[in-house]
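**Q** Protein chains in written order, with this note's numbering: chain A, 1 to 402; chain B, 403 to 804.
Note that these hints are calculated values from the structure, not bench results.
Please read these numbers as outputs of a predicted model, since none were measured by experiment.
Mixed in with the good hints there might be a few duds.
[Said to hold, decoys possible] Here are the simulated lysine to any residue pairs, SDA-like style, with alpha carbons at most 20 angstroms apart:
(1) A:219 with B:521
(2) B:488 with B:521
(3) B:488 with B:788
(4) A:86 with A:348
(5) B:648 with A:47
(6) A:219 with B:451
(7) B:621 with A:297
(8) B:733 with A:387
(9) A:273 with A:297
(10) A:246 with B:562
(11) A:86 with A:137
(12) A:331 with B:536
(13) A:219 with B:746
(14) A:219 with B:488
(15) B:621 with A:161
(16) A:331 with B:648
(17) B:621 with A:343
(18) B:621 with A:86
Protein chains: 2
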Amino acid sequence: MTDRPNLPLAGVTVIDLGQIYQGPYATMLMAKAGADVIKVEPPNGEPIRARTKVGRHAALPLAMLNSNKRAVTLNLKTEQGRALLKRMVARADVLLENFAPGVMDRLGIGWDVLQEVNPRLVYASGTGYGLSGPDRDSLAMDLTVQAASGVMSVTGFPDGPPTKAGPAVVDFLGGIHLYAAVLTALYERHFTGRGRLVEVAMQETVYPTLASNLGFAYKTGGEVPPRTGNRHGGLATAPYNVYPAKDGHVAVICVVEAHWTALLDAMERPELKDDPRFVDNAHRVANMADTDALVQSWTERLTRDEVFATARRHRVPCAPVRNLIEVMNDKHMHGRGMLEWIDHPEVGRIVVPNSPLRFHGADRVATLPSPRLGEHNAEIYGGWLGLTDAEIAALREAGTIT
Amino acid sequence: MTDRPNLPLAGVTVIDLGQIYQGPYATMLMAKAGADVIKVEPPNGEPIRARTKVGRHAALPLAMLNSNKRAVTLNLKTEQGRALLKRMVARADVLLENFAPGVMDRLGIGWDVLQEVNPRLVYASGTGYGLSGPDRDSLAMDLTVQAASGVMSVTGFPDGPPTKAGPAVVDFLGGIHLYAAVLTALYERHFTGRGRLVEVAMQETVYPTLASNLGFAYKTGGEVPPRTGNRHGGLATAPYNVYPAKDGHVAVICVVEAHWTALLDAMERPELKDDPRFVDNAHRVANMADTDALVQSWTERLTRDEVFATARRHRVPCAPVRNLIEVMNDKHMHGRGMLEWIDHPEVGRIVVPNSPLRFHGADRVATLPSPRLGEHNAEIYGGWLGLTDAEIAALREAGTIT
């Protein structure tokens, strides 16, 4: 047994061509698990860097999703640039990209070419609709895939328009599935000695999440699942809703009968335990408006915290609806190390996330701020690849690197 | 090199105590990648089976998320049952559960105990808030974690209430992150020879997805990120919205200037290329109402398909908002094998998803319908563990198995 660092992905080298959210999230998780992630960007930076120039909006997402990576610039539209990429790939375990299908192939650095350079390479492709099929070339962003995949159709209220999920859930479902596929191929590689092309289509990662909503179609013999507001996606559970409190909102859900009887106790309405309208879930579902009105008549007289504390005491599933400033400052997540204040040299004092993947007993990778554009060119091209100063200068002059 | 099956997770045995969505999704992906997944349920079945009795609603989710598993019953509240679990764990690679924190420990079959039974075991825990911290024991379901994690605060319209994402995105983000953590530990095990306790808290998997929304707080120096309807979560991009068509809705987004000029061409309004209101993204954002009104004046005169076809021709990112019957029948996903019609013995003719994790060149695991409760008791207890018929009969009599 060698002195392997106590980090799950120690020794794994990742060439990260990811852009915006999907790719960068996957590779950040790899970095947080101990991998050496090299973020390779065009000379002007990956697209999200451009957005930091228009106001300061995207500076935070960039900083949130690129901690613990080293960054180089590389012009892949030049022959020299592609040759350098191949030299990096020869020494790497993983290459990950979330370009549109065909981009890497047209540059002559797709899977077919790179697997010859390094048969042990795991090549990860993240796209909107996948590398095959009639919709392959549809331009894919989180918004459009939310539309095409069904998310919008079942989000929002019956009397309102289809609504997007506020967070970019599709991008991130895509990203974590891509991480999952890479690790599966790395696991397999121990046995086979060979890499694989692994692929994730964002649209496909959405489909399983629609389980409750699709259950409605099944239950009704094929009706179009509706928007249900804050009610159960299949309209099969009650109470299940978001209720107004004096100073905000709370979510309340009863999954088993014990939750309901406990809720009646919490609301000081134990006499309703025999009320035929509410006597079991099926009846509460049939009388959903009355069920919701009953719960609301309790919550609206109290603050969020009062409702939550009382529900908690009675073991009724409940949570306050929190805004993002509250979430960003959440003591629980900060205490667990999931969130962390850092002083970012470009962005300032901000909260950044660590990895939701926890490995008990492993060392923790100390958070390093996301890198500046091309910050590690000398270290990677000189130190790692062994180019001389003259060679590096020539590459800069040619615009291959910056 | 042995004759290893051409499946990434060939030879991996998973003891699946998962319930409802989070755990079962993770283990189904393992089964689809070639693992042998044994779903272990209480004598009355895991909770989602109970919901199939109340109407038929949950029959479909159960069938969607448990393909390719074998199922046994086991009463873990008995000493005999726990002893049997330990015998299974001794021969397994992974045990996965998404019970509330402490459930397994209180039964005497938590990580501490099981790692002694099998030091190579990867033990995966999926919860709402994690195994530590002040909120550890808050009851966690998709709805309540959507509330606490911030999803609801930024979903919906500014003049409407906080709204849940229609699909159970939190449950499934938790599930795929749990898969990812397991595979990371399995990868590491090749080097260390030991398993790990891996943990995922659903609330933590949500935080990164809030990147755009948190960017708003950053840009404004700390304002609470608002609900933005179908607009960009950070209100930093335009056009970015869902627009009405004659027969539905379409999502349209311009990420680079080329998209905008192409959209103007598509809308047959090339003269607006010099209109100061729309001349670049910053101006379009500043004039967001006018920008949206312009796009809507085009889309509302056309059908969804007409808008999509025209946008596609001009390479403008666009997608029709599709309902779930359309999505379920999507030719593209069926053609790619992501969706599949099967004849399920209990549920009938239904569409089930396969895995979004694609491994090019690997064999495909043929879809087997989700198992009946206890369907494989004889095969697992007799065939795999080697119990005699008399021993199995005794276990049934005692209520340890069914």
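**Q** Does each hint hold? Answer for all of them.
**A** Here is how each hint holds up against the structure:
1. A:219 with B:521: violated, 45 angstroms
2. B:488 with B:521: Roughly 12 angstroms between the alpha carbons, so the hint for residue 488 of chain B and residue 521 of chain B holds.
3. B:488 with B:788: holds, 14 angstroms
4. A:86 with A:348: violated, 36 angstroms
5. B:648 with A:47: Not OK: residue 648 of chain B and residue 47 of chain A at ~34 angstroms, beyond 20 angstroms, violated.
6. A:219 with B:451: Holds: residue 219 of chain A and residue 451 of chain B sit about 15 angstroms apart, inside 20 angstroms.
7. B:621 with A:297: violated, 39 angstroms
8. B:733 with A:387: Violated, at roughly 50 angstroms.
9. A:273 with A:297: holds, 17 angstroms
10. A:246 with B:562: holds, 16 angstroms
11. A:86 with A:137: Violated. Residue 86 of chain A to residue 137 of chain A sits at ~26 angstroms, over the 20 angstroms cutoff.
12. A:331 with B:536: holds, 8 angstroms
13. A:219 with B:746: holds, 15 angstroms
14. A:219 with B:488: Judged against 20 angstroms, a Cα distance of about 39 angstroms means the pair is violated.
15. B:621 with A:161: violated, 28 angstroms
16. A:331 with B:648: Not OK: residue 331 of chain A and residue 648 of chain B at ~48 angstroms, beyond 20 angstroms, violated.
17. B:621 with A:343: Roughly 16 angstroms between the alpha carbons, so the hint for residue 621 of chain B and residue 343 of chain A holds.
18. B:621 with A:86: violated, 39 angstroms
In the structure shown, a violation is registered for the earlier hints numbered 1, 4, 5, 7, 8, 11, 14, 15, 16 and 18, in ascending order.
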